[in-house]
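Chemist: Take these sequences, add in the hints, and give me the full structure.
Listed in order, the protein sequences are those of chains D and Z.
Going by the working numbering, the first residue of the first sequence is number 1, and it counts up by one from there.
Going by the working numbering, the first residue of the second sequence is number 1, and it counts up by one from there.
Fair warning: there could be bad hints in the mix.
Pair by pair, the computed Cβ-Cβ distance ranges are [unchecked claim]:
(1) 199/Z - 48/D: 50 to 60 Å
(2) 191/Z - 74/D: 27 to 37 Å
(3) 124/D - 140/Z: 24 to 34 Å
(4) 298/D - 164/Z: 42 to 52 Å
(5) 170/Z - 133/D: 50 to 60 Å
(6) 191/Z - 103/D: 53 to 63 Å
(7) 130/D - 126/Z: 21 to 31 Å
No more than 20 Å apart at the CA atoms, straight line, and that leaves these computed lysine to any residue pairs for SDA-like [unchecked claim]:
(8) 257/D - 187/Z
(9) 185/D - 54/Z
(10) 81/D - 157/Z
(11) 257/D - 191/Z
(12) 257/D - 157/Z
Reference listing, derived: stretches of chain Z covered by chain D, where coverage requires no fewer than 3 residues with Cβ under 8 Å from a Cβ of chain D [to be verified]:
(13) 47 to 60
(14) 95 to 107
(15) 112 to 123
(16) 151 to 160
(17) 163 to 176
These are computed hints drawn from the structure, not numbers from a lab.
The beta-carbon is built from N, C-alpha and C at its ideal position, and this holds for glycine as well.
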Amino acid sequence: MTTDFLATIKRRVVIFDGGMGSMLIAAGLTQREVPEQWLLTKADKIGEIQEAYVNAGAEVITTSTFGANRLKLQSSEAGRKLDPARLNEKGAEIARKAIERSGKHDRFVAGDIGPSGLFFPPVGQLKAAEARAAFKEQAKALENAGVDIFIIETMYDLREAVEALRAVREVSSLPAAVTLTFDRKPRGFFTMMGDTTDTAAETLIAEGASVIGANCTLQSGDMIELAQEFRLSTAAPLLMQPNAGRPVMEHGLPVYKQRPREFAEDAAKIVAAGANAVGGCCGTTPDFIREIHNVLIHGK
Amino acid sequence: MEAYLARCAQSVLSGDADEAERLAREALDKKYPPLDVIEKGFVIGIHEVGRLWEEGTLFLPELVMGAEAMKRAMAILQPSLGEGAARPKSLGHVVIGTIEGDIHDIGKTLVATMLSANGYEITDLGADVPVARFVDEAMKRGAGCIAISALLTTTMSGQKRVVEELGKRSLRGKVKVMVGGAPCSDAWAREIGADGYAGDAVAAVALAQSLMGGR
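Modeler: As structure tokens, then:
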């Protein structure tokens, strides 16, 4: 990586990658496995997916470390046997190699940090210090392994996003993108805990986020409006990563019905609404990213 | 009495479990009819919590706290409900759990809490529950409904197997099945022959009411 990520995103629209979990499921990941285990046992599969994203035009490749924090891993028997630091280092290495194989060296590796899966009171018993320590362990391993930026994503509670962000800030001065996951309610867009785009933007920027936004839960159509709302809340760079619609079951397998073209046309509208970066979440594939590239870069 | 009932509703609405408990004890001390206190007081509160949650005025923390306040009040009032006419007709028993292979607990627990707060008897089997166990427990408890949560596209087929298991034991007409969880939908419920889908805890209460009757 020779280009500066923040300078780039302030200058023009940056294309992120698409879903990893749903791609892993398509590649044979079962519900009995911890996805992060594949970092050790099936690194080639993860690398192939990431290389496909690079070739489709994704400029930011996200490490497959969404659940590689100690708290999340402790929720399953298989996860308890895994060393978080090792998983994160491996995740960064696999992503970096995928970029190298593609020969496109101007791409960024984003160290991925997902939620702990636990809840702060009154819903659960998670403590801020406990969350911070787990995220710090993860952030440190990603930083050591040489990621270019951090992405803290799918956060359903602003407080947890803040703990993850503080953890990153304690160990790194790299740019950090933070995306929350919003529901659509009759009164507007809110996280599960009631956080709005206003409070999210104000809090996350004050805590040192470089890019903020939303991912998962919502489909591309809803994210157009959410991008508009976010843009009214902040002047900071915005990243939006919608799902490819809602999955429907066909012959016992989940199928995402939205087509890449329709998704990419919405992505263009998300950019028009003020987003500085777009990518995809669950159900999106390299084809979706290629279409975004076609629509945004080539205008066709 | 009116003002007292309004305070009961308010204690649930503001998620003040200590106040709800105190008000429930006051009802026993002053010999207020417990059924009225529940139905014209606390239940009004929990319905309002649900309504405000659906529209996006209250959120998960308030929903959890409101349900907890409701549960604390009910725990005190329930034993004092007499038999016969004074006792509210049983709304029925729901056996609930997250399907096998799936450890997601929070949505299911929330549905269980809201159903309980709205007057259903609940057996919560937890997460990662084998197909046969849903049916075994429903038979054991004489449950009118099985509620199955699945948060993964890879585990939702287990919901279908519960419906099939009921069929094998000729219980399909007797025990209703409701499904929920992120990947589920009305279409999915129809496809597998379940009686309904609920998208959230408030919708689950409405669904239970339509399937089993309710207040």
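Chemist: Run every hint past the structure and note whether it holds.
Modeler: Results for each hint:
no. : hint                      : in the structure
1   : 199/Z - 48/D: 50 to 60 Å  : violated, 36 Å
2   : 191/Z - 74/D: 27 to 37 Å  : holds, 35 Å
3   : 124/D - 140/Z: 24 to 34 Å : holds, 30 Å
4   : 298/D - 164/Z: 42 to 52 Å : holds, 50 Å
5   : 170/Z - 133/D: 50 to 60 Å : holds, 54 Å
6   : 191/Z - 103/D: 53 to 63 Å : violated, 46 Å
7   : 130/D - 126/Z: 21 to 31 Å : holds, 23 Å
8   : 257/D - 187/Z             : holds, 14 Å
9   : 185/D - 54/Z              : holds, 7 Å
10  : 81/D - 157/Z              : violated, 28 Å
11  : 257/D - 191/Z             : holds, 17 Å
12  : 257/D - 157/Z             : holds, 19 Å
13  : 47 to 60                  : holds (count 7)
14  : 95 to 107                 : holds (count 4)
15  : 112 to 123                : violated (count 0)
16  : 151 to 160                : holds (count 6)
17  : 163 to 176                : violated (count 0)
Of the numbered hints listed earlier, those contradicted by the structure are 1, 6, 10, 15 and 17.
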